[in-house]
Amino acid sequence: PQDGLALESILRERFIAVLPTRHKLAGKVTIRPGDLRHEPFVLFARRMGPLAFDRTIACCEAEGFRPNVVQVAPQWPTVVRLVAAGSGISLAPACVANFAMPGVVYKKVRSRHWSSIDIGLRPNLDNPAVEALLSIVRSQFSKQKASSAPRRPGD
205 PQDGLALESI
215 LRERFIAVLP
225 TRHKLAGKVT
235 IRPGDLRHEP
245 FVLFARRMGP
255 LAFDRTIACC
265 EAEGFRPNVV
275 QVAPQWPTVV
285 RLVAAGSGIS
295 LAPACVANFA
305 MPGVVYKKVR
315 SRHWSSIDIG
325 LRPNLDNPAV
335 EALLSIVRSQ
345 FSKQKASSAP
355 RRPGD
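Numbering-wise (the numbering used here), the sequence shown opens with residue 205 and increments by one.
Hints in this document: simulated from the structure, not taken from any laboratory.
Every residue, glycine too, gets a C-beta built ideally from N, C-alpha and C.
Each hint should be verified, as a subset may be incorrect.
To be verified - For each label pair, taking beta carbons as the anchor points, the in silico distance ranges come out as:
| no. | residue 1 | residue 2 | range |
| --- | --- | --- | --- |
| 1 | 278 | 325 | 23 to 29 Å |
| 2 | 266 | 336 | 37 to 43 Å |
| 3 | 252 | 272 | 16 to 22 Å |
| 4 | 290 | 331 | 23 to 29 Å |
| 5 | 226 | 336 | 30 to 36 Å |
| 6 | 337 | 302 | 34 to 40 Å |
| 7 | 274 | 331 | 39 to 45 Å |
| 8 | 324 | 234 | 30 to 36 Å |
Given only the sequences and the hints, what does the whole structure look like? Please build it.
Structure (structure tokens):
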């Protein structure tokens with residue numbers, strides 16, 4: 205968030221757990237964030253996306269713990285590789301499951317917290333190029349919203 209910008213969520217996503225394939229929770233269909241309370245976490249660096257990072261932390265804090273972040277990475281593919289290498293586990297937006305990586309499993313997380321992709325807009329910006337871009341972005345993400353629409357916790 206920045207002064208003078210209005211945030212618009214264009215896609216909300218569930219969180220997923222990123223686990224090594226041999227992790228004790230790897231066989232579960234879904235897990236709760238609290239199941240991860242004693243685990244070492246690998247996350248992307250907060251400076252790369254403070255709002256997304258804070259939402260991830262808030263998901264854990266709602267379960268009564270702050271994650272023990274043992275390593276940070278500049279981007280999600282690196283986080284997934286570090287999990288595969290055994291550096292820890294991660295909590296990530298559902299889109300991260302698109303990274304096919306040997307040695308990693310992705311598990312749905314039952315939580316009321318969501319990650320989202322947001323766009324920052326200046327109010328009353330009258331720019332045809334920006335309006336065209338927004339139209340494309342909203343159209344593309346509205347197709348994804350139908351398949352990832354929020355459901356009740358535990359679904």
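Going through the hints against the structure:
Residue 278 and residue 325 have their C-beta atoms about 26 Å apart, which keeps the hinted 23 to 29 Å range intact. For the pair residue 266 and residue 336, the supplied restraint of 37 to 43 Å holds, since their beta-carbon distance comes to about 39 Å. Take residue 252 and residue 272: their Cβ atoms lie about 20 Å apart, and the range 16 to 22 Å holds. One distance hint, 23 to 29 Å for the beta-carbon pair residue 290 and residue 331, is violated here, with the actual separation near 48 Å.
Distance hint for residue 226 and residue 336: a CB-CB separation of about 48 Å, inconsistent with the stated range 30 to 36 Å. Look at residue 337 against residue 302: about 23 Å separates their beta carbons, and that is not inside 34 to 40 Å. At roughly 44 Å, the beta carbons of residue 274 and residue 331 sit within the given window of 39 to 45 Å. One distance hint, 30 to 36 Å for the beta-carbon pair residue 324 and residue 234, holds here, with the actual separation near 32 Å.
This entry does not satisfy hints 4, 5 and 6, going by the numbered hints stated previously.
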